[in-house]
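K.L.:
Line by line, the protein sequences give chains A and B.
Residue numbering for the first sequence follows numbering that gives the first Met the number 0, starting at 0 and increasing by one per position.
Residue numbering for the second sequence follows numbering that gives the first Met the number 0, starting at 0 and increasing by one per position.
A hint or two may mislead.
For chains that are exact copies, the list does not tell them apart, and a pair is met inside one copy or across any two.
List time: in silico PhoX-like cross-link candidates among lysine-lysine, alpha-carbon distance up to 25 Å [what the hints assert, rightly or not]:
# : residue 1 : residue 2
1 : 58        : 10
2 : 43        : 25
3 : 58        : 25
4 : 46        : 10
5 : 43        : 10
6 : 58        : 46
Calculated directly from the structure, the hints in this document are not laboratory data.
Number of protein chains: 2
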Amino acid sequence: MCEANAYLLEKDGETNETLLMEAVDKVEPDKDGIRLISIFGEQKFIKGSIESLSLVDHKIYIRQ
Amino acid sequence: MCEANAYLLEKDGETNETLLMEAVDKVEPDKDGIRLISIFGEQKFIKGSIESLSLVDHKIYIRQ
Chain A
0 MCEANAYLLE
10 KDGETNETLL
20 MEAVDKVEPD
30 KDGIRLISIF
40 GEQKFIKGSI
50 ESLSLVDHKI
60 YIRQ
Chain B
0 MCEANAYLLE
10 KDGETNETLL
20 MEAVDKVEPD
30 KDGIRLISIF
40 GEQKFIKGSI
50 ESLSLVDHKI
60 YIRQ
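Please work from the sequences and hints to get the whole structure.
P.N.:
Shown next, in the form of structure tokens:
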């Protein structure tokens with residue numbers, strides 16, 4: 000399976016990564032943020048935008 | 000490996016998918032568009048925004 004983990008990037012001096020959701024399947028940017036849907040059907044809506052994806056590393060970075 | 004294929008969505012009556020790049024590893028949204036980098040190091044810059052990702056299906060959809 001090729002799901003990824005989604006992390007929130009917070010830049011306060013140094014960059015911190017906070018895990019938002021594991022096993023993300025679908026990512027749907029919206030006007031106000033990003034909807035994440037896991038392979039288990041769990042949904043989260045995050046205010047922010049996609050900073051970058053690294054699919055081989057299974058990482059989705061979201062910046063608020 | 001968990002790379003994905005990137006498709007451009009064109010909505011002219013019906014929705015068409017055009018393959019932009021295979022084996023995409025990194026996706027980096029920018030102010031004017033999206034940088035795609037394949038697992039082979041190939042880079043493309045596409046004017047547009049991310050419509051959605053479906054990681055389990057290995058698909059990245061970009062809308063112009």
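K.L.:
Compare the structure with each hint and give your call.
P.N.:
Verification of the supplied hints:
1. 58 to 10: Within one copy only: 18 Å inside, 30 Å across.
2. 43 to 25: both (11 Å within a copy, 23 Å between copies)
3. 58 to 25: Intra 13 Å, inter 10 Å, cutoff 25 Å: intra and inter.
4. 46 to 10: within (15 Å within a copy, 27 Å between copies)
5. 43 to 10: The answer is within: 22 Å in one copy meets 25 Å, while 28 Å across copies does not.
6. 58 to 46: both (18 Å within a copy, 23 Å between copies)
The structure agrees with every numbered hint stated previously.
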